Amino acid sequence: MNSLIPQFVASRHLFALTMRRQLLSRQTLACVALSALCALIVLAWSRHSDPTSKKLAEQVLVPTFVAFLMPIFAICYGASGIGGEREDQTLIYLLIAPLPRSLTYFVKGAASLSLVGGWTAGTLFVLCKLAGKPGDELFRLFLPAALLGALAYGCLFLLLGAVFRHGTIISLVYWFFLEVLFGNLPGIIKRVSVAFYVRCMVHDAAGDMNLGPPGRVAREMFLPVSGSTAMITLCTATICLLIAGMVLFDLREYRDAS
Amino acid sequence: MQLDQAGYRTWDGRRRSPWWSCLAIVRVGLNLIFRRWVFWILIGLGLLNFLFHFAFIYLKATLVIQNENVAKFLDNYKVTGTGQAYADFMFAQASICALLLAFAGSTLIGSDYRQGGMIFYLSRRIGRWQYIVGKLLTIAAVVTIVTTLPALILYIEYGTLSNSIHYFLDNPRVLAGILGYGAVLAIVQSLMIFAIAAWVPRTVPLVMTWLGLFVLLKGLADAMRAIDGNRYWLLLGFWDDMHRLGRWCFGSLDEKRIPSAGYCLAVLSALCVVSLILIVRRVRAVEVVS
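Order-wise, the sequence lines are chains A and B. Residue numbers for the first sequence follow my numbering, so the first one is 1 and each next one is one higher. Residue numbers for the second sequence follow my numbering, so the first one is 1 and each next one is one higher.
The hints are simulated quantities; they were obtained by calculation from the structure and are not laboratory data.
Taking lysine to aspartate or glutamate and the DMTMM-like style, the derived pairs with C-alpha atoms no more than 20 Å apart in a straight line are:
| no. | chain 1 | residue 1 | chain 2 | residue 2 |
| --- | --- | --- | --- | --- |
| 1 | B | Lys218 | B | Asp240 |
| 2 | A | Lys55 | A | Asp208 |
| 3 | A | Lys55 | A | Glu137 |
| 4 | A | Lys54 | B | Asp222 |
| 5 | A | Lys55 | B | Asp222 |
| 6 | B | Lys218 | A | Glu58 |
| 7 | A | Lys54 | A | Asp136 |
| 8 | A | Lys54 | A | Glu220 |
| 9 | A | Lys55 | A | Asp204 |
| 10 | A | Lys55 | B | Asp228 |
| 11 | B | Lys218 | B | Asp228 |
Facing chain A, from chain B, some residues (calculated, C-beta under 8 Å):
| no. | residue |
| --- | --- |
| 12 | Leu99 |
| 13 | Arg202 |
| 14 | Val204 |
| 15 | Met208 |
| 16 | Leu211 |
| 17 | Gly219 |
| 18 | Met224 |
Keep in mind that this is a model prediction, so the values were computed, not measured. Virtual Cβ for every residue (Gly too), placed ideally from N, Cα, C.
Start from the sequences, fold in the hints, and give me the full structure.
See below:
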């Protein structure tokens, strides 16, 4: 019991330090700039004739927010959670702290995931508000899927950042090849991508809008899973990835720590 | 301690122009990238598309001998020796190249700012222009390896597998197009990634800014165009501007369609000038810390 209190205090400090370092950084400025660009797209879209919720989801939110901005936020704070320490050569200070490695990873992960979740929810809220009435309706439909997707992405990129030296670039390669390319291929291969489950959750939640990929063939080849299955998959993936990261960070020997 | 004891000695040979140092910077830069296994993974993934086209051209060449109708059927898929096919191939390669440049920008430029490489380079007998040109040539070489070189190999393969040299004689525009589109990609992308990496040297924000410029500006361009149908808004999408200019090099761009190649060239030139100004302002031997 006596050793738990100092560990808790140290974890709290590490959490606060990680949040502060991640938030007060150039990547936050990049996030603001990208969100502002996205907001401009939504503002331009809202001036179209006959703006509807279905069009907003299919033309703006899914291709811009779900497919691009959400994974980029996760790369921004997830991959740099441990990867940033390696890049700055400050990982040695993290490793010599009197905390179990798995706990260090968990705390860093919790701070990074909080930022990823916060940015995702905040940006989605702003985008939906800017879109007007169609956006108000979509916010509550997109929020659970976006949050779960962002957390799954965040855990994955945190793990990649901890395992590989160029974690950011590996994350980028994963995002481009597995999410963008495989995610758009017909058949069940797209089930390896996080974006597929996010889309399934959104399509399921907005059942009466008849959302789906553009084009008849693409719709027929999409082969969605139910919303609840997608939710369970995303939750399971998030937890498994976090545990895998904790175990790997605990076992791994970092030769480039300083 | 005397200087000669420390290993210093005078140089009596003929001094060459400092511009030769650009080649040394290119060599060192390429070595730096080639040493990383991430680069080879990206190159491998990038070459998948090339291998597909390579095999398809071979297949078509074989089928032409056996059955010309099947070859005509394959032509519908544009995996042929036409200019449009090469333009589309290079466009696909350029998207993989964007990922590679995010890595190259971080390794070649960003690390010079983060780890003091810039001060090392500029403490030699070279000016900042030699440094800038050397780094730009390195990035341009990476772009050429991924886009222009595979397209040239496909062009040679297609011509060689036809029964005569008429393909080369009849399609000089294709060769000019490959070189022209390659030059557009190399010049614009190298200047842009250098400018971004010089101001945002850390990997994560660099990647975000680099990809955001290409993906979101295109989205904004499409959204603005859809308001009143004004196609000049499409000029905001730099990626598509490069593609249009590339297609113009191949002679497959519809000149009546707005925006024309001239507008794209003007926008990309302005972008290059802005990038160059940003680069020159940032490349300094001494950093003033306030």
